[in-house]
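Please construct the entire structure, taking both the sequences and the accompanying hints into account.
Going by full-length UniProt numbering, the first residue of the sequence shown is number 1, and it counts up by one from there.
None of these hints come from the bench; they were simulated from the model.
Careful: at least some of the hints might be erroneous.
Below, computed lysine to aspartate or glutamate pairings styled on DMTMM-like, alpha-carbon distance capped at 20 Å [unchecked claim]:
no., residue 1, residue 2
1, K366, D405
2, K65, E139
3, K369, E358
4, K53, D40
5, K329, D379
Quick list of simulated restraints, FRET-style, between CB atoms [said to hold, decoys possible]:
no., residue 1, residue 2, range
6, E734, P593, 38 to 44 Å
7, L382, H432, 27 to 33 Å
8, D115, D184, 28 to 34 Å
For each residue, glycine too, the CB sits at the ideal point set by N, CA and C.
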Amino acid sequence: MAENLLQGLQAAANATSQAGASQYLEELKNSPDGWKLCGDALIRNIYSDETAKFFCFQVLEHQIKTRHQASCPLDQDAIRKILLSWLHSQNKAAQVFSLIFVRDYPEQWPSFFSDLLQCLQFGSRAVDMYLRILQAIDEEVVDRDVVRSPQQTYESNMSSLTCLCLDVIGAYIEWIDIGLVANDKFISLLLQYMSVEVLRESTCDCIHEIICKGMEPIAKKKLVESLLIVLEQSGILIPHEDGDADFMAKLAKLMSAAGTQLLNSYSKLTKSGDTETAAECLHMAEDKLHYMFRFLEDEDDDVSQNASGFGYTYLNVLKQITNPSELQKANLRGMLYVVIKKMTYDESYNFDREGEDEVMFIEYRKEMKILFDNIAQLDPNLVLVSVHNVLNSTFGNLTEAKFMDVEMAVRSLYMIGEALSLVTSNVSYYRHSAVAQMFFETVVRYDRFFASQSHHIPTVLDNGCQNLLSADDQLFLYESAGILIVSSGAVAEKQLLYMQDLLSPVIMKFDSLVTKIFSPVNIFFGVVYEHRASKAFPNQQSLKDGGCGPCFTEALPIFLRALTIPIHRDTIHSGVRQYLHRMIVCLGDGVLPFIPVALDHLLIEDCTARDIQEFIPLINQIIARFKLQIGPLLSDAFMPIINRIFSVLRKLAENKDEEETLRRSYFLFVAAIVTNDVTSVLTSQNCQDLDQVLMTLIQGAVEFPDPVAQKISFNILRKLVELWGGSNGIRFEEFIYKSIVPATFMAPMKSTFNLADAQTILTLQEIILTQRTILQKQGGQLIDFLQNKYLPTLLLAPQVIQDYTSALEHADIKTFKNFVKAFFTNLRS
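Here it is in structure tokens:
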């Protein structure tokens, strides 16, 4: 083999050497005897470098895919011997074995498995390779019959191999004859492994796959019944108290699958008319519900979560039963109490600093809420009575109740939608922030209740502890009051009067604070109180109908005055920005006269990165809401905004994270202009400034190792091609060929362009769409440019260039995406 060309495989090789190695790979693939050279190199272990070995396997892979079927018997036999001699290579070898299995087994290579099995005598590495090959075959084909893997003897000294073997068997169960694993010998072995600590989790997974095997309902009933009998007799289903939550979670998943499969069989048999066997399935499932309850109420939420599938399925079955039995009602009641218990906060929950455990609990709580809702659909009276009991128990002894029980009582009420008990319970006096927050959220949700029961409003809002309300509590108070006014049913004039009574003191206080430059925190909350009251109006029409527009319009110039205060700028600007966000929604065109003043003061000359990052969402909202209406103003403000951004970026060279975030904000700003059809803002700039902006997009697409920024940049470039690619004159066409087309190749060739990363794949998709858009606009001109001018500069073989341009022109988008991914993978390897 050409040793000098193989040097181009090294990571440190220059672009010329890499291109030479890539071209040599294509030559070997296309040569009738290239695979023999590579096979000989593998057999004789000429190269110790893994990259060179991988190179050889690529050639073998190409031979098997394209020519093996039509080659002579001698060549077919030769390639088999090459593979058998290379068992100690792992993932790539396994993949190639799976390919030849598809093409040769059983007609051409009937001894495939026996040949492999003879290699097991070489020890653990050969066993490991054998199992990897079986996994690769499962990925390649899932509908072929293969013999069951033999019993291994590594469970005592190499448990990792036994676990891998169990994983392989689990993967194969879906498509092999169930009799190969559901038999006395194999099940006995699995039961034995269930008592071995290092094997029991993989064994659980394997039994789970057996239980979930696709089968007819009667056969499934017999299988699950027999497995449950032996599992119960062995004592495995009795909860372990050894603290191994991972194993308990696996056991809960297994038991949940068994119950779910029985209930699914019940539903299928009921539909087919076999009511007798269906009843047996249901009885058997209900007989195992006590396991589900045990796992569902486990203190570990992962264990509980894995058991919930059985509960969902059982509730769905009960929905099909017209007259549930007393036992079924009792099961429903038991599940409800478990759900309420599991939704209750733990004492260790950290409200001040919510970490991963807290976030996971909130997500888990949502799943429990689904069970609660299903139970409520089945038996509303049961839920009402149960929640009533919880309320009586908790509110009847409120002074001594723990916060988590009070919060859960209020949450239960929140979930069933009954508000009367809440507002008359004095729960608003309870001194814990979690309870207070849940209380106000519930009041807001049931605002219509107060339209007919207005005498309860004082109890809700004048609860005797105003000074103890946190800042967030006060914000909820103003939001609640705003919603109550809008929901009052009063005529527009009355609503305006009520809203003025609510907000006038805030505005007067704010004006006084601004004049005297008092506490910035009080100034901030003055703006935010009015902002929260505006949440009663979801859109411009609702504010207009309510007649309360003047309250908010008159406050705008007063709030904007605060932007001129030179101290505590961050706090004050934050509050005004929040208010402007809401007014764009509520006032619509009415806010336009105030936008110039806001823009002048929110992005001043000495602004910081944080100022810009908080400003960009506001300007983007303005662009999206007003589009062409804001065009003339934005045309004048565009370059000053751009210059502010790049002035700050130049100062952030030492802070890469903040620099990356700010750069993304910049690209999102440009994207908002292009996406909302305000490109007149760009074309109104002078040529030098526009060229500068366009080149920053090329930089974002190619130079920065940030796939999010790259994706946004290519998205903007693609949309500009759509708008200008066929009609904006010679200058933009020159930019397409000089900058955009090269960028679509340069970016994926970067070492930082990680094709295993999900965000990078999205960037690659934007690159593909960009090339397709240019083709749509430029047609044959693009193909000619790629074939005769650009791609040859990458030192690509003529056939490779032809293949690329052909795929670009003719392949569907999915095929082209796969082609491009493989193209750049090969180009960089």
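Going down the list of hints, with the structure as the test:
no.: 1; hint: K366 - D405; result: holds, 18 Å
no.: 2; hint: K65 - E139; result: holds, 16 Å
no.: 3; hint: K369 - E358; result: holds, 17 Å
no.: 4; hint: K53 - D40; result: holds, 11 Å
no.: 5; hint: K329 - D379; result: holds, 9 Å
no.: 6; hint: E734 - P593: 38 to 44 Å; result: holds, 42 Å
no.: 7; hint: L382 - H432: 27 to 33 Å; result: holds, 29 Å
no.: 8; hint: D115 - D184: 28 to 34 Å; result: holds, 30 Å
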